[in-house]
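*Asks:* Here's the letter readout for the chains.
There are 2 protein chains.
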Amino acid sequence: MLTEDIRNLAIDIADLNQLKLDLNGLQPVDAGDYIAQLPQKKRAIAFRLLNKCQAIDVFEYLPPDVQEDLINSLHDIQVAQIVEAMSPDERAELFDELPAGVVKRLLQTLSPEQRQATATILGYSEGTAGRVMTTEYVRLREGLTIGEALSKIRLQDKDKETIYYAYVTDDNRKLVSVVSLRQLIFTFPDVLIREIASDRVVRVKTETSQGEVARIMKRYDLIAIPVVDREDRLVGIVTIDDVIDILEEEATEDIQKLAGVSGGDEDALSPPHVTIRKRLPWLLANIVLYIGAASAISPFQGVISQVPVLAIIMPILANSSGNVAFQVVSVTVRGIGVGEVTPKDTIPLLRKEVMAGAGTAIALGLALGTLSLIWSPPQDRWVSVIAGMVMVANVLLAATLGTLLPMGLKRINLDPALISGPLMTTTLDALGFFTFLSMISFALNVFKG
Amino acid sequence: MLTEDIRNLAIDIADLNQLKLDLNGLQPVDAGDYIAQLPQKKRAIAFRLLNKCQAIDVFEYLPPDVQEDLINSLHDIQVAQIVEAMSPDERAELFDELPAGVVKRLLQTLSPEQRQATATILGYSEGTAGRVMTTEYVRLREGLTIGEALSKIRLQDKDKETIYYAYVTDDNRKLVSVVSLRQLIFTFPDVLIREIASDRVVRVKTETSQGEVARIMKRYDLIAIPVVDREDRLVGIVTIDDVIDILEEEATEDIQKLAGVSGGDEDALSPPHVTIRKRLPWLLANIVLYIGAASAISPFQGVISQVPVLAIIMPILANSSGNVAFQVVSVTVRGIGVGEVTPKDTIPLLRKEVMAGAGTAIALGLALGTLSLIWSPPQDRWVSVIAGMVMVANVLLAATLGTLLPMGLKRINLDPALISGPLMTTTLDALGFFTFLSMISFALNVFKG
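Which chain is which? The protein sequence lines are A and B, in order. When we follow this note's numbering, the leftmost residue of the first sequence carries the number 38, and every step to the right adds one. When we follow this note's numbering, the leftmost residue of the second sequence carries the number 38, and every step to the right adds one.
Don't read these hints as lab results, they were simulated from the structure. Treat the numbers as computed from the prediction; the structure is a model and nothing was measured. We put the CB at the ideal spot given by N, CA and C, even for glycine. Among the hints, erroneous ones may be present.
To be verified - Under 8 Å between C-beta atoms, here's a sample of chain A residues computed to sit facing chain B:
#	residue
1	Q64
2	R256
3	D269
4	G297
5	I313
6	P352
7	Q364
8	V368
9	L401
10	L403
11	T463
12	F471
Claimed, not checked - Listed next, the stretches of chain B that the computed footprint assigns to chain A, with coverage defined by at least 3 CB atoms under 8 Å from CB atoms of chain A:
#	region
13	121 to 134
14	174 to 184
15	231 to 237
16	254 to 263
17	284 to 298
The following block holds chain A by itself, in its conformation from the complex:
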């Protein structure tokens, strides 16, 4: 509904005064959405209507391509002002997307302090705490009083991304303790910081993965977490808004990877060629894998001619165990993703999945056995017993592999979502077909001669 309001904004750029009022009155993210959906040529016109503070805020919310666009069409001085005012982590994110030449030009316009901050962040690998942190935070010395601390905070730049916690460091910049703004304003001004600061400071290292940072902040209900280097010196903080983005991104990755979208980072509205590049490899890999499955069936063509009801039973068998595998893999991968289970829980998890799998296997085995009985011509009814038995075995196998494979990947520090649903399904198809047809063929040889 919010988006609707924006779309209804006077798009008539002729009435610039009204548009100026509207855009400066909107929340920055809404103004950003409005500007992003304008035709390319009108974006710079609309953007110039923003007053300075709003312009800086709005710029941070624009998608990278629109940001780049504006950098090319605005005056250099205006660009320099905006980029200087961005928070270091947002700026690092922007620089990641821009062509190297543009980044070089922009870096030269930055103040030495901001240039250093950006270089620090860009020095850490993607996906780590060092890369998503901001270098703007409040740092205090242990010896201060509350009153002195508050005065110091008041003197600092008001744009600090979060001043809700202040971090206390020793003479070597090592992180010692933390105090919240809440505690500061609730305590008498002449009390010493060290008397109220808590030395139980949950912290992460610069190389901690962003997913781990997010899980730790979630666990301890933090709105910011300090990031320290190997010598335990404070170098930055990660704030809660980044954590929400990280958790959403990781959930999207899990979902898409499970469905066989490589990278797990496809945007719903990305261009078709990107979509094809992300999805086709898995589909083709799957067909190649199916060649294996097919060569498992191929020698049995004679059997299928003899007992054509098999062509009906086989897809149900494959489909059901594939579905069971998909359920197990999804629950396991997500359980690992949210930190509900770790490799230590492999045994209890396997026990649970095998017990649940046994119940499921019996139900599905009976269902398939019954259906096969109904569909088979009288002389082929014996097939239904084998169908039911293979279903039970295949479902149990699905439950076991669906638990062990993601847990095993996690244990060796790989992404558990690499077990994509489709490949798992195809593998189970191949095994199921082969077992089923071998048993049928054996029975045919033994009983029918």
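Got chain A sorted already, so can you dock chain B onto it with the hints?
*Replies:* Frame of chain A; chain B shown alone:
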């Protein structure tokens, strides 16, 4: 790694003094984890070692069954103290899980104020802003100065879940504006609140769904959002820690529902019978649906006997278009989930998926055609042309349905993840088999018969 430290804690309850020191020195969530994993009888012993503040904090982090357990084993007075000190939203969540008799007893021990707060929250439907909000927040009158506001905040209960924003209301308790604690401490004490408060207050209604609340807070980077009733009167706030839980819960739901786990709320380590109840219905429904697919194939048993290579081609055909459908559905459902696409984007999304689908369809059609050519005996090679064509048609259908079905469900306000992957896959199997076998059968009649 954090969890490891806890597991290594002196479990030897004999050394109670050491354990007391350890437990009171831990972060509340870690102490909670330690207590939760103790044998039932030792939990109350360990819990009694906590000092009062730590006990209250730890209690909020315990899982509901352990909370219930402690309520039954601790002294009534201690229980009353803890429940009184809980934040109203956590208390409402606890009451949701407890037997009605226990809730009634606990309600009677509460102060009138806290009883009212809990009753208010429990009065709203599950999954709405009213149900997840807390009634503890800072409310100010417009006429105050900054100095008066800060004094007032200092006088209030320090346990307020968030004092980082204060909400300004008029004489009828209607929400007028918002001011951050940051603004308060940065401004001279004699300035009036109304001069610095922002009247662009993003708010939600009590009946707004929790997912919507989470998306709005994420969009505007808020750490708390005010909740108003139909008359726009302030009744509570939702805080960022709840939002993270909501977003994680919704992502888990999407993943599990797509994999055919009903409700989408299965815990990885839930007991087997719960697992079976959540998963078996979809598997059986799927087999029932497969009866449809099978009756589509059944009349063609003769055809399959004549051309046994069909039994190899058909699973690949079904499997591939099923996989395409799964990819499309997953990307679409997640895109809707994170608010990246809305029903308004149906046309561009469909255009993109059909274009990507066309590319994919041609690649897969050629692959299947080629494989069929290789596998078929010389007299059956014509089958490969039909196999390729049906693959193209089925993949395009998968792309179309995979986009339109979730978007359609969203448009009529149903959960887009209701299109579970397995049912979608089975439907496409049935259609693919029927089309394929009909065409083969037609060709056999025309050219060979």
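*Asks:* If a hint holds in the structure, say so; if it does not, say that too.
*Replies:* Results of checking the hints against the structure:
With its C-beta approaching chain B no nearer than about 6 Å, Q64(A) sits inside the 8 Å limit, and its interface hint holds. A hinted interface residue such as R256(A) counts as satisfied when its beta carbon comes closer than 8 Å to some beta carbon of chain B; here the least separation is about 6 Å, so the hint holds. Hint status for D269(A) relative to chain B: violated, with the closest Cβ pair at about 16 Å, above 8 Å. For G297(A), the shortest C-beta to C-beta distance to chain B is roughly 6 Å, which falls under 8 Å, so the interface hint holds.
Contact between I313(A) and chain B, as hinted, is supported at the beta carbon level, the nearest pair being about 5 Å apart and thus within 8 Å. Given the 8 Å rule on beta carbons, the hint for P352(A) holds: about 6 Å separates it from the nearest Cβ of chain B. Hint status for Q364(A): holds, given a least beta-carbon distance of 5 Å to chain B, under 8 Å. A cut of 8 Å between beta carbons decides the hint on V368(A): the least distance to chain B is about 6 Å, and the hint holds.
The interface hint given for L401(A) holds, since its Cβ lies 6 Å from the closest Cβ of chain B, which is under the 8 Å cut-off. With 8 Å as the threshold, the beta carbon of L403(A) stays out of range of chain B, its nearest partner Cβ sitting at about 10 Å, so the hint is violated. Contact between T463(A) and chain B, as hinted, is supported at the beta carbon level, the nearest pair being about 6 Å apart and thus within 8 Å. Against a cut-off of 8 Å between C-beta atoms, the interface hint on F471(A) is violated, since the closest Cβ of chain B lies about 12 Å away.
Residues of the region 121 to 134 of chain B lying with their CB closer than 8 Å to a CB of chain A number 0, which falls below the three-residue condition for coverage. For the region 174 to 184 of chain B, the assignment as covered by chain A is violated, since 0 residues bring a beta-carbon within under 8 Å of that chain's beta-carbons and 3 are needed. For the region 231 to 237 of chain B, the stated coverage by chain A is not satisfied: 1 residues place a CB nearer than 8 Å to a CB of that chain, which falls below the threshold of 3. Only when three residues or more bring their CB closer than 8 Å to a CB of chain A does the claim for the region 254 to 263 of chain B stand; here the count is 5, and the claim holds.
Counting residues of the region 284 to 298 of chain B whose CB lies closer than 8 Å to any CB of chain A gives 11, so the stated coverage by that chain holds, three being the minimum.
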